[in-house]
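Now for the letters of each chain:
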Amino acid sequence: MPATLAELPVGSSAIVQAMPTGRSCLTRLREMGIVPGTRVSVTRRAPLGEPIEICVRGSHLSMRNHEAAFIAISAA
Amino acid sequence: MSAAAAETPLIAIVGNPNSGKTTLFNLLTGLKQKVANYPGVTVEKKIGECYSQHGKKLRLIDLPGAYSLNARSPDEAVLRDVLLGRRPETPRPDRVVCVVDSANFERNLYMVSQVLELGLPTILVLNMVDVAEQREWRIDAAKLTEILGVPVVKTNAVSGQGLIELKLALSREDISPPKWQDAALPEGVKAALEHSRDEMRQAGAIHTRSSLLEPLYLLSDHDPTHYGIADTQIGRIHELRSRMENDFPGWEDALVAERYRRIEELCAQVLKRPDQEIETITTKLDRILLHPVLGFVNLLLVLGLLFFLIFKVAEGPMGWIEAGFGQLGAWVEGLISPGDFRDLIVNGVVPGVSGVVIFLPQILILFFFIGIMEDTGYMSRLAFIMDWAMSKVGLNGKSFLPFLSSYACAIPGVMAARTIDSPKDRLITILIAPLASCSARLPVYSLLIGVLFPVGEVGAFVQAGIMLGLYSLGTFGAFFFAWVFNKFVMKGSASPMILEMPSYKMPALKSILLQVWQRARMFLVRAGTIILGISILIWAASTYPKTAGDDSAKQMEHSFAGRAGKLIEPVIAPLGYDWKIGIGLIGSFAAREVFNSTMSVVYAVESEDDENLAPLRDKLAAERRPDGRLVYTPLVCISLLVFYVFAMQCVSTIAIVKRETGSWKWAMFQLGYMTGTAYLLSLLIFQIGSALGY
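Chains G and C are the protein sequences, given in the same order.
The opening residue of the first sequence carries number 839 in our numbering; numbering runs sequentially from there.
The opening residue of the second sequence carries number 24 in our numbering; numbering runs sequentially from there.
Because the hints were derived from the structure by calculation, they are not lab data.
What you are looking at is a predicted structure, and each value in this text was computed from that prediction instead of being measured.
Where a beta carbon is used, it is the ideal one built from N, C-alpha and C, also for glycine.
Be aware that a few hints might be false.
[Stated by the list, open to error] Derived DEER-like restraints, expressed as beta-carbon distance ranges:
| # | chain 1 | residue 1 | chain 2 | residue 2 | range |
| --- | --- | --- | --- | --- | --- |
| 1 | C | Asp205 | G | Ala913 | 30 to 40 Å |
| 2 | C | Gln204 | G | Ser862 | 21 to 31 Å |
| 3 | G | Pro858 | C | Ala207 | 18 to 28 Å |
| 4 | G | Ser851 | C | Leu54 | 39 to 49 Å |
| 5 | G | Ala913 | C | Leu191 | 46 to 56 Å |
| 6 | C | Gly699 | G | Ala856 | 47 to 57 Å |
| 7 | G | Ser851 | C | Trp689 | 39 to 49 Å |
| 8 | C | Leu323 | G | Thr859 | 38 to 48 Å |
Just chain G, with the same shape it has in the complex:
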C-alpha cells in the first residue's frame, strides 16, 4: 500500500489518514475537501508526471507531487 497520495497509482482510491497541521498550503487543500477520513482517488497524471488529477467529494482537483506527498493515506 502506498504511503502518500503522491504515490497512489492512477485509477485507485484510498482514505486520507493524516496531514501535517499548521501549513498554509495544506489548509487550503483541507478547505477544498481533503481532510483526514475522506476518500480520494487519482484520476490521471499529466504527461510529464505532474500535476496529478484527483477526485474528492465528487470534485476534480489537480495538485503537484510536492503537496500530495504531505497527504498520508491508507487502504480504502
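Position chain C relative to chain G; hints supplied.
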C-alpha cells in the same frame, strides 16, 4: 451616498470560481454595469442594476470568486471585507445571493456555510443543474430550504433556465436570516477569539458590534497586506495569531475538519449521488484532451488556431483601421489650412489615436478566445498540461496563456494575467511578458536582418534561422528572469498549485461578449489617453524647434528629438550606435515598429509603401560614418537586434503594467531591468566583437 441609493437594496453575488456567478450577474444586469477597481488593490469591482419582478430597482455587486473566507489572495480578502462591511467605499450588502456549482455541490457548501454564518438574508442558487443531472446527482431543494431556512433556486446560467425564479426570489424582502448554526468552536479557541476581539475593538481594527467571525477570519489571513488597516494594528493581529498558534496548534485545520463533518451530515440528507462516478461528457472529453499524446496534439491545434486568429484574421481589420485613419488624416489635411495646428492633428493626434485603436482587433480576438476557453473549462486543462514546464522556472500552468499571447502583443498578454490567481505568479508573468518577441518587433527584425544578410547572398533560410534565434533568445530571457524573480526578488512563499478541473459546458456567449467589451473599453480609456499624450509629445519633439527649409532630414537633426539623439550618443556609442540610431531608439518608445518610419525620416528615404523595406534597407546598408566606415556593420546589426529583443520600448505596455500592478513601481522596475539587460548585452556583444576584430 444619495438618499435614493440608500433605499435601493445592495445584493452581493458570491460563489466559488467556476460556479457561473459572473454569467448570472451578466444575465441579470446586462449592460447596466460599472466596472472599476477596489481602491488600493487590483481586484475588479463590478456593480450593476436590475429591476425586481415588482419593478423595484436593485443594485447587484459581483464579488470576486473564492473558495473560502479564510482569505489567501487579494480577491478573497476583498470578498471577506465587503461581506463583513470592512471596506469604507463599499457598503455592507443587504442581501446575499450564494451561487453554487451543483456538480461540485459538497465542495461548494464549504464557503456557503461560511457565508450563511454571517447572518445576512441569503438566496441559495443551485447553478449548472444540467451538469449535475448528467452526473446523476440529485439535490433536494425543498429539504435544503427546510434545513437552512433560505430560498433555494435551481438555474442553468447558460440556457437562462430558472432566471425568472431567481428574479422572483430577488424581489422578496421578507427573507429571514439563515438557520445554519455558527461553527462550534472549541472552548479554548472561543475564549482566545473573544480576547482577540476585545483587543481589536480597542485598537479600532474592527467595529464594536462585530461577531467572533471577524477576528476569526482576520487571524486566519496570513498576509497583512490584505487587511487594509493601520500598520500598528497589523502588528497586534500578528501577535494574537502567534499566540493562538502557540496555545492551540492546528486550530484552523480543526475548524475545517469540523465544518466538513457538518457538511457531510447535511449532504446525507439532501444529496443523492451514484456510488461509482457516471461517464459524462467531461470524463469522455478528458480522456482525449488530457491524453499524453492526443492532448498535446489538441493543444497545438488550439494554439495554432489562436495564432492564426491573432496574426492573420486580425490583419484585415487592422488594415481597415490603418486605412481609415489614413483617410481621416488626409481629410483633415484638406480641411485645415497648413500650419502647426494641422501638423499636430495630421502627424501627432491622428497617428497617435490610430496607434492605439490598431491593437483593438487583436485584443478583442484574444479576449473572446480566452473567454471561450475559460467558460468551457478548457483553460484548466491547458494549465494542467503546461504546469510541469512552467514549474521549472517557478511559475504555474496558468501563466502559460498570458505569456504566449504576448508573442502577438504584450498588452493583451499582461491583461490576460488576471486569470492567474496567485499574486506572485501573476506579477512575475506580467514582468516577463514583454520579453516575448511581439509583433511590433517583427518589422524591425526584418529590416535589420535584411541589412545583415541581403536575401540574394545567403537566402531566406539563414534569415529565417536568425529570426528564430531572436524569438528563442527572448523566450530564454523570459524564462531566465522568471526564475531569477522567483528565486531572489519576490517575497512571500510560493502558493501551492491547486487547480480545479471544472466540468465542460457550453460557453455563455452573451456574457463573454460583455466581458470582451469591458476589457476593450478599459484598454481604450486607460491606455489610450497615455499613448495619445506620448504620441503628441514625440511629434512635438521631432517638430520643434523648426528649421527654415523643407528638408525633413535636416528638420529631424535640428529638432529636440535630433538633439536628444546627439545627447544620448555618448551613452549608446559603446554599443556601436550613432546619434541617428539614437533618434530611432527614442522614437521606438512610442512603439517599436516606429523605428522603421523614424529611420525613413532620418535618412530621407521616400517610400510609397510601409511594407516595402527595400529602399530603407539599401540606404541603411550603404550608410557610412563621417570617417568612411560603414554604420551598419554586421556587429552593429546584431547589437541592435539584441537590444530590441530585450529593451522595454513600449509606452502602451508600460501604461498597462502600471494599471494592472496598481503602481508605477513595477512598471519602472520592468523598464529598468529590461532596458538594462538590453544595454549590457549589446555592450558586451559590440565590445567583445570589436576586440576580436569583427
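_glutamine 204 (chain C) paired with serine 862 (chain G), Cβ distance criterion 21 to 31 Å_ = 27 Å, holds
*Using the beta carbons of proline 858 (chain G) and alanine 207 (chain C), state whether their distance is inside 18 to 28 Å or not.*
24 Å, holds
*Take a look at whether the Cβ-Cβ distance between serine 851 (chain G) and leucine 54 (chain C) falls inside 39 to 49 Å.*
48 Å, holds
*For aspartate 205 (chain C) and alanine 913 (chain G), compare the CB-CB distance with the range 30 to 40 Å and indicate the outcome.*
36 Å, holds
*Range hint compliance [Cβ, leucine 323 (chain C) to threonine 859 (chain G), 38 to 48 Å]*: With a Cβ separation near 43 Å, leucine 323 (chain C) and threonine 859 (chain G) satisfy 38 to 48 Å, so the hint holds.
*CB-CB spacing for tryptophan 689 (chain C) and serine 851 (chain G) relative to the 39 to 49 Å hint*: With a Cβ separation near 45 Å, serine 851 (chain G) and tryptophan 689 (chain C) satisfy 39 to 49 Å, so the hint holds.
*Starting from the range 46 to 56 Å, see whether the pair alanine 913 (chain G) and leucine 191 (chain C) falls in it by beta-carbon distance.*
Holds - the Cβ-Cβ distance for alanine 913 (chain G) and leucine 191 (chain C), about 50 Å, lies within 46 to 56 Å.
*Given the range 47 to 57 Å, decide if the beta-carbon distance of glycine 699 (chain C) to alanine 856 (chain G) lies inside it.*
Given a distance of about 49 Å, which is inside 47 to 57 Å, the answer is holds.
Hint check: no violations occur; every hint is consistent with the structure.
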